[in-house]
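*Asks:* Fit chain U to the given chain L structure using the hints.
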Amino acid sequence: MSGDVERLLIQFQDEAGEVLGSPFDVPLDITPDKLQLVCNALLQKEEPVPLAFFVGGEAEVVESLRVCVKALGAETEAVLPVVYQPQAVFRVRAVARCTSSLQGHTEAVISTAFSPTGRYLASGSGDTTVRFWDLTTETPQHTSRGHSHWVLNISWSPDGRKLASGCKNSQICIWDPVTGHQIGKTLTGHSKWITWISWEPLHLNPECRYLASSSKDGSVRVWDVVLGRCERILTGHTQSVTCVKWGGDGLLYSSSQDRTVKVWRANDGVQCRTLQGHAHWVNTLALSTDYVLRTGAFEPADATINPQEQTGSLEELKEKALQRYNKVRGVAPERLVSGSDDFTLFMWNPAEDKKPVARLTGHSALVNQVLFSPDTRLLASASFDKSIKIWDGRTGRYIQSLRGHVSAVYQVAWSADSRLLVSGSSDSTLKVWDVKTGKLHTDLPGHADEVFAVDWSPDGQRVASGGKDKCLRIWRR
Amino acid sequence: MPQNEHIELHRKRHGQRFDYQERKRKRESREAHDRSHKAKKMIGLKAKLYHKQRHSEKIQMKKTLKMHEQRKTKQKNDDKTPEGAVPAYLLDREGQSRAKILSNMIKQKRKEKAGKWEVPLPKVRAQGETEVLKVIRTGKRQKKAWKRMVTKVCFVGDNFTRKPPKYERFIRPMGLRFKKAHVTHPELKATFCLPILGVKKNPSSPLYTTLGVITKGTVIEVNVSELGLVTQGGKVIWGKYAQVTNNPENDGCINAVLLV
Numbered sequence: 001m002s003g004d005v006e007r008l009l010i011q012f013q014d015e016a017g018e019v020l021g022s023p024f025d026v027p028l029d030i031t032p033d034k035l036q037l038v039c040n041a042l043l044q045k046e047e048p049v050p051l052a053f054f055v056g057g058e059a060e061v062v063e064s065l066r067v068c069v070k071a072l073g074a075e076t077e078a079v080l081p082v083v084y085q086p087q088a089v090f091r092v093r094a095v096a097r098c099t100s101s102l103q104g105h106t107e108a109v110i111s112t113a114f115s116p117t118g119r120y121l122a123s124g125s126g127d128t129t130v131r132f133w134d135l136t137t138e139t140p141q142h143t144s145r146g147h148s149h150w151v152l153n154i155s156w157s158p159d160g161r162k163l164a165s166g167c168k169n170s171q172i173c174i175w176d177p178v179t180g181h182q183i184g185k186t187l188t189g190h191s192k193w194i195t196w197i198s199w200e201p202l203h204l205n206p207e208c209r210y211l212a213s214s215s216k217d218g219s220v221r222v223w224d225v226v227l228g229r230c231e232r233i234l235t236g237h238t239q240s241v242t243c244v245k246w247g248g249d250g251l252l253y254s255s256s257q258d259r260t261v262k263v264w265r266a267n268d269g270v271q272c273r274t275l276q277g278h279a280h281w282v283n284t285l286a287l288s289t290d291y292v293l294r295t296g297a298f299e300p301a302d303a304t305i306n307p308q309e310q311t312g313s314l315e316e317l318k319e320k321a322l323q324r325y326n327k328v329r330g331v332a333p334e335r336l337v338s339g340s341d342d343f344t345l346f347m348w349n350p351a352e353d354k355k356p357v358a359r360l361t362g363h364s365a366l367v368n369q370v371l372f373s374p375d376t377r378l379l380a381s382a383s384f385d386k387s388i389k390i391w392d393g394r395t396g397r398y399i400q401s402l403r404g405h406v407s408a409v410y411q412v413a414w415s416a417d418s419r420l421l422v423s424g425s426s427d428s429t430l431k432v433w434d435v436k437t438g439k440l441h442t443d444l445p446g447h448a449d450e451v452f453a454v455d456w457s458p459d460g461q462r463v464a465s466g467g468k469d470k471c472l473r474i475w476r477r
Numbered sequence: 001m002p003q004n005e006h007i008e009l010h011r012k013r014h015g016q017r018f019d020y021q022e023r024k025r026k027r028e029s030r031e032a033h034d035r036s037h038k039a040k041k042m043i044g045l046k047a048k049l050y051h052k053q054r055h056s057e058k059i060q061m062k063k064t065l066k067m068h069e070q071r072k073t074k075q076k077n078d079d080k081t082p083e084g085a086v087p088a089y090l091l092d093r094e095g096q097s098r099a100k101i102l103s104n105m106i107k108q109k110r111k112e113k114a115g116k117w118e119v120p121l122p123k124v125r126a127q128g129e130t131e132v133l134k135v136i137r138t139g140k141r142q143k144k145a146w147k148r149m150v151t152k153v154c155f156v157g158d159n160f161t162r163k164p165p166k167y168e169r170f171i172r173p174m175g176l177r178f179k180k181a182h183v184t185h186p187e188l189k190a191t192f193c194l195p196i197l198g199v200k201k202n203p204s205s206p207l208y209t210t211l212g213v214i215t216k217g218t219v220i221e222v223n224v225s226e227l228g229l230v231t232q233g234g235k236v237i238w239g240k241y242a243q244v245t246n247n248p249e250n251d252g253c254i255n256a257v258l259l260v
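Sequence order for the protein chains is L and U.
Under the UniProt record's numbering, the first residue of the first sequence is numbered 1, with each subsequent residue one higher.
Under the UniProt record's numbering, the first residue of the second sequence is numbered 1, with each subsequent residue one higher.
It is worth saying that the hints were derived from the structure and are not from the lab.
All C-beta atoms in this analysis are idealised placements derived from N, C-alpha and C, irrespective of residue type, glycine included.
Part of the chain U face toward chain L, derived, beta carbon under 7 Å: (1) T81; (2) A85; (3) A88.
Rough simulated footprint, nothing fancy, chain U against chain L, three-plus residues with beta-carbon under 8 Å: (4) 106-112; (5) 191-201; (6) 270-279.
Pulled out of the complex, with its shape left as it was, chain L reads as follows (with noise of 0.2 Å):
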């Protein structure tokens, strides 16, 4: 007969160190699935949630307790405490194959993006036309004409029915996706080409009336789309600026080459605080709670094969986004991530402080976006020097580097359930990683030429890329 197995008290805690019932005796060698088990009955929800525990804050229960407790060296006698955290219920699966390769554009696709539901998929491209495409079909739909020069970035507004594209030209058109005509006037303003645009948030504003811009003249601008004007003019930048984001707290955050971060008020106008620490131009800014604010009210997890509109009055909109954003966000405010030249990205909390958080060291060449996981747990830099890597997104911890392409990473993107992440670089080819093994998934050659552009739809289910050989291509299962 096998002696007695070795037992252990094991407090449960979830994420913000609220701590989950009572301490509880388990055997040494349970298994992550019993625990899942043990831990969803002291939840006492309707449907069991996928947990992934951790022990001592980083490392995370793989085969069983006794693996992670003989690394770790703790004591038996204490009661352990072991972080839950939930994990998404849907699954998204990786993308196997290119379905169809668009052509029609005449030039270089430079973005691509996804509208909020996954229903439309539009390109902006150096043809400047920016091309509206079914995703059904998987054909051309619109063709809006109206830039005169390199159409730069395009951007969604949260409720999915407003584009809005910036062009080299320092012009700003407004499109309508179902009949790919422009909506209102063309904004002018800014002297220089644009480089960034972002929409007020769906639970700030359900009407979606306010963007704003970042150009190279160093100036951001509110435009207020229903007028057709430009609301505010903040200046306060030497240089470019790079980048600007509109968060959830009716804060906005600006990136520039002149080596700041600069916070501003939105409904004023006033700069708050400016954010001192780089030594190169500061290239991206990644807001915590970029991907809630992205897709508004839609929740991936309510996606259907065929992407449906979203329905209901403002009020109900709002409310649901709300909603959202509350849980995404939690108790602590928005965490702001910079990526600079200086090869190296710095954490802020823009909110409350004007020190950064953590420095996150360890790229050897400049890096070009950082994005956070749609959980906001997880944060991953793409650079230069042709890896990605993977830090905590919540205290700015080094968990891994994926290797793999050969030349500069140009864009990531997650999947909306955090596991994998899709990267497009100069290389011609787009990898998926498992972000949990930190191996690479699949690979995904196809291009011709480098790929300027990477996307996943919200609702999991296709990946669109564009590059420099003209042509649109859309991965799915």
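*Replies:* The following block gives chain U in isolation, referenced to the frame of chain L:
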């Protein structure tokens, strides 16, 4: 008088008719009508030849007119959008062609092997001893001439103590000792006043390097902890090389450019 000059001779002697100018003007203005009348009436081979000649004349005329219409200065071509579209994050960066990258890699490897490094001022005027060091005469009758005084700007460390004056061969005057340099970052185009850590190499002579003499072209090491640069491993970079770009003894300050 030659045969063909009698008309001219008559003009000289008697002048011209009183309405000569007017008649000439009217004849010339009628020329276009006369030519077109002729062109319409002509027939046969003569007409063919005439029409051909007239056609080439007309083409020439049209070209000249168009040329006069076009302005001499180049105008902005609004219609064509330039090629080579790049996304916003690549706009301020110079893209390198792939062939260039390969050749650059090979050149870099060769340079590393040879031990030569790129500096902003590769060639500097070498300064002779008579220019940099001035002879100081000592002794009861001012006959001894073994002491030298440095006439250029120099850097001495923090813990510098002079040798006993009787045995000191090189005098470095306090007025010419500098601790800080104005260093420009070549990419950011910003200038910072940074403390000097030491003199790495003076191109004129190794003697000047040991003395700490700073002239144009000297490579010095400066304290860059102010700038906040960080290595891959997370360590803060606090010393970097910079090359002096002015003549400090003439200007009273040291200007240098950072070697990145």
